[in-house]
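Asks: Here is what each chain is made of, one letter per residue.
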Amino acid sequence: DTAVSQTPKYLVTQMGNDKSIKCEQNLGHDTMYWYKQDSKKFLKIMFSYNNKELIINETVPNRFSPKSPDKAHLNLHINSLELGDSAVYFCASSQAAGQIYEQYFGPGTRLTVT
Amino acid sequence: LAKTTQPISMDSYEGQEVNITCSHNNIATNDYITWYQQFPSQGPRFIIQGYKTKVTNEVASLFIPADRKSSTLSLPRVSLSDTAVYYCLVGEGGATNKLIFGTGTLLAVQP
Numbered sequence: 453d454t455a456v457s458q459t460p461k462y463l464v465t466q467m468g469n470d471k472s473i474k475c476e477q478n479l480g481h482d483t484m485y486w487y488k489q490d491s492k493k494f495l496k497i498m499f500s501y502n503n504k505e506l507i508i509n510e511t512v513p514n515r516f517s518p519k520s521p522d523k524a525h526l527n528l529h530i531n532s533l534e535l536g537d538s539a540v541y542f543c544a545s546s547q548a549a550g551q552i553y554e555q556y557f558g559p560g561t562r563l564t565v566t
Numbered sequence: 028l029a030k031t032t033q034p035i036s037m038d039s040y041e042g043q044e045v046n047i048t049c050s051h052n053n054i055a056t057n058d059y060i061t062w063y064q065q066f067p068s069q070g071p072r073f074i075i076q077g078y079k080t081k082v083t084n085e086v087a088s089l090f091i092p093a094d095r096k097s098s099t100l101s102l103p104r105v106s107l108s109d110t111a112v113y114y115c116l117v118g119e120g121g122a123t124n125k126l127i128f129g130t131g132t133l134l135a136v137q138p
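Taken in order, these protein sequences are the chains called U and W.
Adding 452 to a residue's 1-based position in the first sequence gives its number in this note's numbering.
Adding 27 to a residue's 1-based position in the second sequence gives its number in this note's numbering.
Warning: the hint list may mix true and false statements.
To be verified - Which stretches of chain U does chain W cover? Using the computed rule of at least three CB atoms under 8 Å from a CB of chain W, they are:
1) 495–507
2) 539–552
3) 555–561
To be verified - Here are the simulated lysine-lysine pairs, BS3-like style, with alpha carbons at most 30 Å apart:
4) W/Lys81 with U/Lys519
5) W/Lys96 with U/Lys488
6) W/Lys96 with U/Lys492
7) U/Lys492 with W/Lys30
8) W/Lys79 with U/Lys493
9) U/Lys474 with U/Lys496
10) W/Lys79 with W/Lys96
11) W/Lys81 with U/Lys496
12) U/Lys488 with W/Lys30
13) W/Lys79 with U/Lys496
14) U/Lys493 with W/Lys96
15) W/Lys96 with U/Lys519
16) W/Lys96 with U/Lys496
Unchecked claim - Derived CB-CB ranges, DEER-like:
17) W/Ser108 with U/Tyr462: 22 to 30 Å
18) U/Ala548 with W/Lys79: 20 to 28 Å
19) W/Leu107 with U/Glu505: 38 to 46 Å
20) W/Asp38 with U/Thr566: 35 to 43 Å
21) W/Ala93 with U/Thr459: 43 to 51 Å
22) U/Pro460 with W/Phe66: 14 to 22 Å
23) U/Ala548 with W/Asn46: 26 to 34 Å
24) U/Thr566 with W/Glu85: 42 to 50 Å
Hint data in this document are derived by calculation from the structure and do not stem from the laboratory.
Here the structure is a predicted model, which is why all the values come from computation and not from measurement.
Note that the Cβ used here is the ideal one computed from N, Cα and C, for glycine as well.
Construct all of the structure, not just a fragment, from the sequences and the given hints.
Replies: Structure (structure tokens):
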């Protein structure tokens, strides 16, 4: 009964490759997010979707492209992976958009680029 | 977006009450104060949220003074399993509001 799930949990790949991380929530939430946590544990928001529409798009390289096929899914595709992309990526969801709504985070995907 | 300042780390012993204070001097009128907890290798988890005065739930209390320029997360009788990073966040409730996670406070509970 996992509320927010991500696949894969670990991803090891080489520079220049293209990879995707999938996220699904079964909470019936309208809003989903992608965060990046670097080695220093800083957690930064990347994207937010509300009802499949992009509402937050932080300054991230164009190589990162989110896709929301429906309200329950928000996938993250990364092109031409670089060493600096190595981090833990968290997906999250909330009932609606805005800080007042509790966010539920997935277990994270640890991406290692070699 | 209001910036928050927290101690980098704190130590405690099992059974003690722990208070983690967060400073947010430029908090805006519409800002809420939210605390999240993160265990190693897990995503953050919502603990508590407040706007003013005191809020209490089954795991913690949140104290907010009248000027709202700081807030204190209180964890009663901590156990080893409370060892985690605690993040204080301040922001508006609007749809495009972003959760800005700072460095957080690493709480280490000793037996």
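Asks: Next, verify each hint and record whether it holds.
Replies: Hints, verified against the model:
With 6 residues having a Cβ less than 8 Å from any Cβ of chain W, the segment 495–507 of chain U passes the three-residue criterion, so the hint holds. Coverage of the segment 539–552 of chain U by chain W holds in this model, with 7 residues showing a Cβ closer than 8 Å to a Cβ of that chain against a need of three. Counting residues of the segment 555–561 of chain U whose CB lies closer than 8 Å to any CB of chain W gives 6, which reaches the minimum of 3, so the coverage claim holds. A distance of roughly 40 Å separates the Cα atoms of W/Lys81 and U/Lys519; the hinted pair therefore is violated under the 30 Å criterion.
Among the hinted pairs, W/Lys96 with U/Lys488 is consistent with the structure: their alpha-carbon atoms are about 28 Å apart, no more than 30 Å. With a CA separation close to 27 Å, the supplied pair W/Lys96 and U/Lys492 stays within the 30 Å bound. Of the pairs offered as hints, the one joining U/Lys492 and W/Lys30 holds, with about 18 Å between alpha carbons and a cut-off of 30 Å not exceeded. The suggested pairing of W/Lys79 with U/Lys493 holds, with an alpha-carbon distance near 29 Å, which does not exceed 30 Å.
Between U/Lys474 and U/Lys496 the alpha-carbon distance is near 18 Å, which keeps this suggested pair within the 30 Å criterion. At most 30 Å may separate the alpha-carbon atoms for a hinted pair to count; W/Lys79 and W/Lys96 meet this at roughly 10 Å. The suggested pairing of W/Lys81 with U/Lys496 holds, with an alpha-carbon distance near 28 Å, which does not exceed 30 Å. Our distance criterion of 30 Å between C-alpha atoms is met by U/Lys488 and W/Lys30, whose separation comes to about 19 Å.
Simply put, W/Lys79 and U/Lys496 have alpha-carbon atoms about 26 Å apart, close enough for the 30 Å limit, and the pair holds. Annotation: proposed proximity of U/Lys493 to W/Lys96 holds, straight-line Cα distance about 25 Å (limit 30 Å). Taken as a hint, the W/Lys96 and U/Lys519 pair is broken in the structure, with Cα atoms around 38 Å apart against an allowance of 30 Å. Distance hint between W/Lys96 and U/Lys496 is fulfilled; the C-alpha atoms sit about 23 Å from each other, no more than 30 Å.
Checking the proposed 22 to 30 Å range against W/Ser108 and U/Tyr462 shows it holds: the Cβ atoms sit about 25 Å from each other. Distance hint check for U/Ala548 and W/Lys79: the Cβ-Cβ separation is about 22 Å, which falls inside the suggested range of 20 to 28 Å. A beta carbon spacing of about 43 Å between W/Leu107 and U/Glu505 agrees with the range 38 to 46 Å that was offered as a hint. Range check, W/Asp38 to U/Thr566: about 37 Å between beta-carbon atoms, so the 35 to 43 Å window is met.
Distance hint for W/Ala93 and U/Thr459: a CB-CB separation of about 47 Å, consistent with the stated range 43 to 51 Å. In this structure, U/Pro460 and W/Phe66 meet the distance hint of 14 to 22 Å, their C-beta atoms being roughly 20 Å apart. As the Cβ distance of U/Ala548 to W/Asn46 is approximately 31 Å, the hint placing it in 26 to 34 Å holds. For the hinted restraint 42 to 50 Å between U/Thr566 and W/Glu85, the CB-CB distance of approximately 44 Å keeps it satisfied.
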